[in-house]
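Go by the hints and put chain P onto chain G.
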Amino acid sequence: MPEDEKPIDEQRRKFLKVVGVMIIGAGLAGTLRSVVQYVIPPTSNVESSFPTLLLLLPNGNPVHTSDLTVNNPSVVTFDYPLQNEPNFLLRLGDSTNNDVKIESTTVDIPATGGKYQSPAGVGPYGSVVSSSAICQHLGCIPPELRFHPPSATDFPGKIHCDCHGSTYDPYKGFSVVTGPTKAPLPGIVLSYDQTNDTYSATMLVGPTIYGRSSDLSGGNPISSAGTTVTTLGV
Amino acid sequence: MNDPQPLPRKVPDYMRKRGGLWYWTGAMVMIAFFYEAITGLILFLYYQPSNAYTSTEGVLNLAYGSVILTTHLYGAYIMIALVYIHLLRNLFVGAYKKPREMQWLTGIVLLVLTVAVSYFGYSLTGDVLSSDATDVARGIASGFPVIGSYLRSIFLGNGTDISLFTRFEGWHIIIAALIGITFAVHFFLAEYNTIMPEPNKVGYEVPAIDKEDETYKPWYPYNLLYMTQIGLFTLSLIFLIPSILGALPSVPALFSPFPQVSATSPLASQVPPYPPWFLLFIYKELDFGISATIGPFWATVLFTGLPLIYLLLIPYIDRSSTLKATKRPLMISTGIIGILYLVGLSVWGATSPGVPVSNVVGLLFFVVPLAVIIPLVYFISKKIESGKVRATNAWKIYVMISFSGFVSVLTGLTIYAAVRIGAIFYTTAAIFLLAVLGVSITTLYGTIYGIRKSEEPKRLSGKGYVIFGGIYGFLAIAIVSMISIIPPTTTLNQSLYGIGMGLLFLIASAYIAIYRSHEYNE
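Chains G and P, in that order, give the protein sequences.
The working numbering puts the first residue of the first sequence at 19, with every later residue one more than the last.
The working numbering puts the first residue of the second sequence at 44, with every later residue one more than the last.
Below are the DSSO-like pairs computed for lysine-lysine, each with C-alpha atoms no more than 30 Å apart in a straight line:
| # | chain 1 | residue 1 | chain 2 | residue 2 |
| --- | --- | --- | --- | --- |
| 1 | G | Lys133 | G | Lys200 |
| 2 | G | Lys35 | P | Lys506 |
| 3 | P | Lys260 | G | Lys32 |
| 4 | G | Lys35 | P | Lys53 |
| 5 | P | Lys53 | G | Lys32 |
| 6 | P | Lys260 | G | Lys35 |
| 7 | G | Lys200 | G | Lys176 |
| 8 | G | Lys35 | P | Lys60 |
| 9 | G | Lys32 | P | Lys60 |
| 10 | G | Lys133 | G | Lys190 |
| 11 | G | Lys32 | P | Lys506 |
| 12 | P | Lys60 | P | Lys254 |
| 13 | G | Lys176 | G | Lys119 |
| 14 | G | Lys200 | G | Lys190 |
To be clear about the criterion: a stretch of chain P counts as covered by chain G if any three or more of its residues have a C-beta under 8 Å from a C-beta of chain G, and this derived list gives those stretches:
| # | segment |
| --- | --- |
| 15 | 108-115 |
| 16 | 505-513 |
| 17 | 525-538 |
| 18 | 545-557 |
To be clear, the hints were calculated from the coordinates, so they are not data collected in a lab.
Model, not experiment: these values are computed from the prediction.
For each residue, glycine too, the CB sits at the ideal point set by N, CA and C.
So that you can see chain G by itself, here it is in the shape it has in the complex (with noise of 0.2 Å):
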């Protein structure tokens, strides 16, 4: 019995289109959100509070005064509070090189128009001060983003950044010279012990550190008890 080719029925065409469209639908909103929700890395507090990290030598030992060069026209710059994460350490003196005491001043935030005070500078001289050593504007490091001694003809006295030109004030905080940054460089609080003369840093103040959501996430905790001191020559 020959079967005559029956007109498919238009309705019943279109309800098995919308249906396949819908199984499709279903398909990928099922494998996007697993994808999507695969590829975004899980954020993890790695500290839940600062580290207190001594200061130390590449041979081990910590960091004493005489170890610091004031006005040292070399990079030297230790990893805080997570690894991979540069910080200047300096010893401010003025143009004759004789150490310069850092008061604590309160620093502006151009970019949300906040204040915080800034850490004062510690040491027997209250001459010594850290800052985070990332850019603020797009996060240039050392050798790039460097301080220039006062006697320096170039920038003197201050923090600049070859990259884009953005200058700051390590004897005022940190605070921000001339853009393009719109923010002063996160400070250290270091502490410093009287009786073995040793530096400890201790918590950050001011902004965030460039390129991070928070400044204890998003990368590896420095395991030890301490954070050793490296020195660029430029």
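Positioned in the frame of chain G, the structure of chain P alone reads:
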């Protein structure tokens, strides 16, 4: 050759009929390969060669990381299995014959590359199975005359862990890229030589060329929809198997979808010292008495290199112009023997890893199948040729016989394990294998004696399409909403998500089948 055609070529309707999956084993390999490439690349977002084991374990704790890692592993397992099936199918059909010699040769290259990429991929985990496989590989590579130590450092690094895992990572990607390139050659050769038509359509004579005529339907939308259907089916396998295994309480190390314990953990001593299952045959061959005498490298050459050379030479050994399976008893019997050797060595390696085998037992293992299978196949072929046994598709019968034999060996071992060990996994596996065995024996019976089929496959009525289509559609929505409220926090939840996705792909595949039946009467 056929006239140049717009690529890809049109194919005859019978390839898309029920049971046509048999013609698409290569396409299924391709889909598994693409899935592997995509998931492999996004797994590298979290892999650290300096921290191989911990970072692999860490992926399990990411949102949906467990689904991606386990399906990447099982996608590879399914790809390896499909590569073997594709190879054997073409061996039994005679697809290696003129004009497809180059397709066969690139296919063998792809087999070697697939096993190699799987070795490097599995080794990336740094777990105990990976470490065992690496130790053996180091021994084999070192034994290569003259350049052994260079080979070892080229593939396995300078001896430090970071160098080892960085090399594994590099070679995993390099070999995957080589597979992509070789596959392109393989695929375009297939397009050039046309599909292998059913042998009876060309009178069982080479060259078997598919002649296109006006009954061939255009590639779009007919073949595209069919390809999507089998692609979704393959994906559903890739999702369902590891997710179901992942939801089971305990699965033996060889089939566990998760990385095993770390090679340096004290628990590693409780895992039998064997490599991933697809390398078990190489592992066992080193236990033979002769292997101890000649060293691991020459043993690998003997037990793996010689069969490979034989495979490469097949198109030049069997130069007859016939495609009839019964007139190629040598190829058929060596194919069956190859399966027996491969499965036998693997099962042997799994049950008694590292136990030495005396030369006499080893010789018996290799000689008995030769002495039994070759005369048997010659005998059966004669019978079929002389018309005493009637069979239209002899090669299908041979495939089914070897498959059923393989499944019965596995079933026997699993039932033994279920009784001896009593783990729920073996009981489940035994029931599953018994079902597979039942189906394959029924199919075998049906192939030999020809179960009478209705001339036209039953079609649904108009209402039937609406009802089934609607049910599938709402099932899909229901599954997606169910799996989207399961939080991906635990491995079990992620396995449930994987099962859901697998079912979703299965439904989508079945839906396309219904749609094709409704729209194109296929």
